[in-house]
Every structure is written in C-alpha cells, then in structure tokens.
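Residue numbers (my numbering), protein chains in the order written: chain Y, 690 to 970; chain C, -13 to 251.
Just to be clear, a hint being listed does not mean it is correct.
Claimed, not checked - Restraint ranges, calculated between C-beta atoms of paired labels, are given here:
1) C:T70 / Y:A834: 34 to 40 Å
2) Y:H734 / C:W164: 31 to 37 Å
3) C:T220 / Y:L956: 22 to 28 Å
4) Y:R881 / C:L172: 50 to 56 Å
5) Y:P784 / C:D26: 16 to 22 Å
As the list claims (entries may be wrong) - In silico SDA-like pairs for lysine to any residue, Cα to Cα no more than 20 Å straight-line:
6) Y:K786 / C:R247
7) Y:K786 / Y:E863
8) Y:K696 / C:S156
In case anyone wonders, no lab produced these hints; they're calculated from the structure.
Glycine residues also receive a C-beta, built at the ideal position from the N, C-alpha and C atoms.
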Amino acid sequence: MYSRTYKLLVSLPPILWVTLFLLLPYSLMFLHSFWTVREGVILHHWNLDNYLTLFKNPLYVQVLLRTVRIAASVTILSVLLGYPLAYFLSFQAGPRKELLYQLVIVPLWVSYLVRGYAWKTILGSDGVLNGFLQYLHITHGPVSALLYSPFAVVLMLTHIYTPFVFLPIYASLEHIPRPLVEASQDLGASARKTFFRVVLPLSLPGLLAGATFAFVLSLGDFLAPLLVGGPSGTMIANLVQSLFGAAYDWPLGAAISVFILIITLSLLALTQRVEKRWSFE
Amino acid sequence: MSAATKQTRSAPLLAACATLVFAFIYLPIVVLVVYSFNRDGVGGFPPRHFTFDWYRQLFADSAIWDSVVNSLIVAAGAVALSLTLGLFAALALDRANFPGKSFFRRLVLLPLILPGIITGLSLLLFAVRISLDLSLITIFLGHGTALISVATTELFAGLQKMDRRQEEASLDLGATPWRTFWLVTLPNLKLSLIAAALLIFTLSMDEIAVTFFLYGREYTLPLEIWGRLRRGITPEINAISTLILVVSIILITVWYHLRTRSEHQ
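Same shape as in the complex, but just chain Y (with noise of 0.2 Å):
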C-alpha cells in the first residue's frame, strides 16, 4: 500500500543519522580498543595487549570481580524485592491495582541523579539514619561505615533498580491465564505449590527479563560509586572514566567498554534467546 518512494523517504534519514551518530561513534571506540598510547599520544599499533591488561594486572582483575559481586548482589535484592511486589499487584490488588502499578512506575523514570544524593543525606556519617539511630539510643555516636562502602552502592543501585525488574515480571504474571491457577488449586495443589509449579515458572521470562537488565546496568554504572561508593566501592566503569580522563589511556579505557559492551550484548541475546519473544513493546 506505501510506494517505494514513501519507504524510501521515511527509512533514510534515520539509518543515516544513526550511522553517523551511533555506528560510527561505537565503531570508534572499537578500534580504539586495539591501539596503544605512548607520552601522551594514541598510535595506531594494532595489538591486543589492551585486553590482556584487563586480566592480568591484579587491581582490574579485583576491581572487575567486585563489580560483578556488586551486580550480582543489587540484581538478586531487586528481585526480592520486585517479584512479591509484582505478585501482589497482579494477584491480589483488586481495584487499587492501577494507582498502584503507577505508583512503581512513575519514579522508575525520575532523576537518577535525585534518588542517588536522597540516599547520600541519608547514609552519611551527619546523615538522616545516624540521627534517627541516636534518637532512639541505638547507638551513641555517628557510625560512619553506612556511606563510601560497595554496601551503599548496592543499596543506591537496588532502589534504583526495583522498578526496573518489576515490570517485566509483572508483565508476565499478567499474561498467566487465570484458569490455570484456578485449575491447579480446584484439582487440589496447596497455595505453594500452585506458585513453584504454576506462577514461578510461568513469570521465569519477565522475571529472566529484569534481572538481565538490572544486572547489564548495575555493572557498568559509574555515577553510584562515585556519589556513595568510596574508594572502596569502586567501580569497573570508574576505571573507564578515569582512563579517558587522568590517567589519559583511552586505547585501555576503550577496552575496558568493548569489555563491558560484549558481555552486555552477550547476556541481553542469551535471555532474549531463552525469553524467545522479543516484542518492540
């Protein structure tokens, strides 16, 4: 019904543009990643040396499996959290259960930033809970260990993320035709065992879903060491950061990203694989 000029005309300057604006720039950093920089200048010497710094030299090595410590911990808490969440919208909610979806929503889109420094006043050793802890007598003078710990990143990150894996959870409940949980407790299953064999399974894509993409994001954030982490919360992404800017090694610090950009793709094609439906919604 749309001749080949309308096509034509509505497919070319997005392709365009985001060859130039994104293959091209991603591209970039690729290359980057196999030159090397000698007194302050990037030679294009093709090598892989890059790469092998990453796994050899124990302070990446350390840091990189942190990072995925940190990650792993903030995905298996937004679970926890998301799905019983998800759970009661979907199963148990009633009538409030539209004001209530929104009520996940709406701050899974509001500033990243705000969220991130709410728990900055909080944590800190003259912060909100140390104040809260002293009035009531629990403790006696500021305990400072709260804030600058990779327990604060991971707390920062699951607030952040709890909206995040929720969605694609609750999606997937959703989809569950009720009859089925209906049929599994007339023929007799306890409300358990309806759940293990039924719901659980059932919600693994949604729940698959969330938890790639808690994971994906978790490990290359840089803003939440920064802000709450401490020198002991850093992470791979900081090193990125300072590679591009101090340190001044962006053959090392394109590396890194490829790094981080491979095992992101690879994970995302791994779940999708497993989730099979990959729908633009």
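Go by the hints and put chain C onto chain Y.
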C-alpha cells in the same frame, strides 16, 4: 470459590511485603523533601523548625537558574530531534522492508540498554575525531541521538494500534501520500507523539551519565548539582531536588495517562 479463599489466606503477609517495598521506594524521596524544609540543614533527627529559607536561597542562586535554562534548551532540542527521527524510524520499522532492518532496530535501541558511559564515551571519541568542540551542542546531539530509542519505541507502539483502513481510504480516494501523512497518519499519532515528547523531555532534563562526557563550559542542571555535591551537601540541593521531583512526577504522570488513553482507543 476455593481459589478465592486460598488466595486471600496468604494475603496479609504478601500485602505487608508489598508495603515494605513501597516504603523502600518512597522513603528516601520523602526524606529528601522533608529536609528541604528543615532549618538546621540536612541530617539530624527529628527535623525541627520548618523554614522556606533554602528555597529563598535557591531562587536567588543565579548559577542554578542558568543551568536550568541550559537544560531547557538542550531538552527542547533533544525532543525535536529524537521525535522527528524516531517518527521516521518507527514508520520505517512498521512499513518498509530493507536489508539490515533487524540490525537497524537493535542499533537504535542500543543506547537504552547500554550503560550510559559507553554511549557517552563513544560520542566523545566521535566529537574529538571530527574536531567538534564540547558545548551544549554536543550534549544536545548526545541526548537527541540516544533518545531516538525512546521515541521509536513509543511511536512504533502507537502505529501498531492505528487503524490502517483510514490511510488506505485516504489513498484510495486520491489523496497524495504526503497529504495522507499530514491529515491521517499524524493526527492519529497525536497522543503517542505528545506522550513521547513528555517522556523524552523528562529524561533529557535528568540525564547525567551520557552528559558527563560531552559537556564544555556550560552546565546542565544535573551537572551543576553534581559539581556542588563534590563540595558537600546543603539543604539548597534538597530544595532544587524537590522541585525536580515535583516537575518530573507531574510530567511522567501525564505521560502515563496519555499512554493508557491511547492504548484504550
């Protein structure tokens, strides 16, 4: 009937869990807002002495408002750019078949799923390569390009729900494809377009991960806040954060309602 009783039996525990998660999501936000009215500053408990002083200080702080103006300029530009290209991209994905179509779709969506640092640094490398000085323009290009992903997703959903027969009728009755586009396609997409614009505007106003690598001498609002955080926290930041929250929540709520309305049409 047995199903209903079994479901309600486990409800109290589950409801308690859900309440706790809601508290976890909202408590930090509430604390932030409450302390923006606390005379004695951020921290300490309980907050005492209600005051508007921090807001007064905020309204007199010209550096903040300069950065707000910069953010508004960038966001307006980003909305225009990403909405135009996103509309074309959604039409292309909906209606045209071309080699590499699925690659194109993945590429467009990439900034949405990749950590901001990768998109930001890639764009930085690109800007350096073509000798483009960092300024509000590079931030605008970064936001505009990264947010094509959001525009495309939203508008593609709108197109999928659209009634094709109206366009067919228009073309059959002799209207040119151009006229059909302006008089049938666009008006049908109105709600999706407004909704997408609101979401993109909010995201651009809040963006920091990509912006972090693309700024020159002029700051956007999140960058200005970031810069101040290095010098320590003040209730004035709570005040501006509260305003950001209020505006974002309003815009996102309107977006949400427009989106649900367009779904039920």
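Would you mind confirming whether the straight-line C-alpha gap from K786 (chain Y) to R247 (chain C) stays at or under 20 Å? 17 Å, holds
Is it true that the C-beta distance of R881 (chain Y) to L172 (chain C) lies inside 50 to 56 Å, as the hint says? Holds: the Cβ-Cβ distance is about 53 Å, inside 50 to 56 Å.
Mind checking the alpha carbons of K696 (chain Y) and S156 (chain C) for me, to see if they're no more than 20 Å apart? 17 Å, holds
P784 (chain Y) and D26 (chain C), beta-carbon distance inside 16 to 22 Å? The hint (16 to 22 Å, Cβ to Cβ) is violated, given that P784 (chain Y) and D26 (chain C) are roughly 43 Å apart.
Looking only at beta-carbon atoms, does the pair T220 (chain C), L956 (chain Y) fall within the given range of 22 to 28 Å? Given a distance of about 40 Å, which is not inside 22 to 28 Å, the answer is violated.
Does the beta carbon distance between T70 (chain C) and A834 (chain Y) stay inside 34 to 40 Å, or does it fall outside? 50 Å, violated
Given pair status - E863 (chain Y), K786 (chain Y), alpha carbons within 20 Å: Holds: K786 (chain Y) and E863 (chain Y) sit about 11 Å apart, inside 20 Å.
Holds or violated: the 31 to 37 Å window for the beta-carbon distance between H734 (chain Y) and W164 (chain C)? For H734 (chain Y) and W164 (chain C) the Cβ distance comes to about 53 Å; the hint is violated.
Violation of the numbered hints given earlier is confined to hints 1, 2, 3, 5; the remaining hints are satisfied by the structure.
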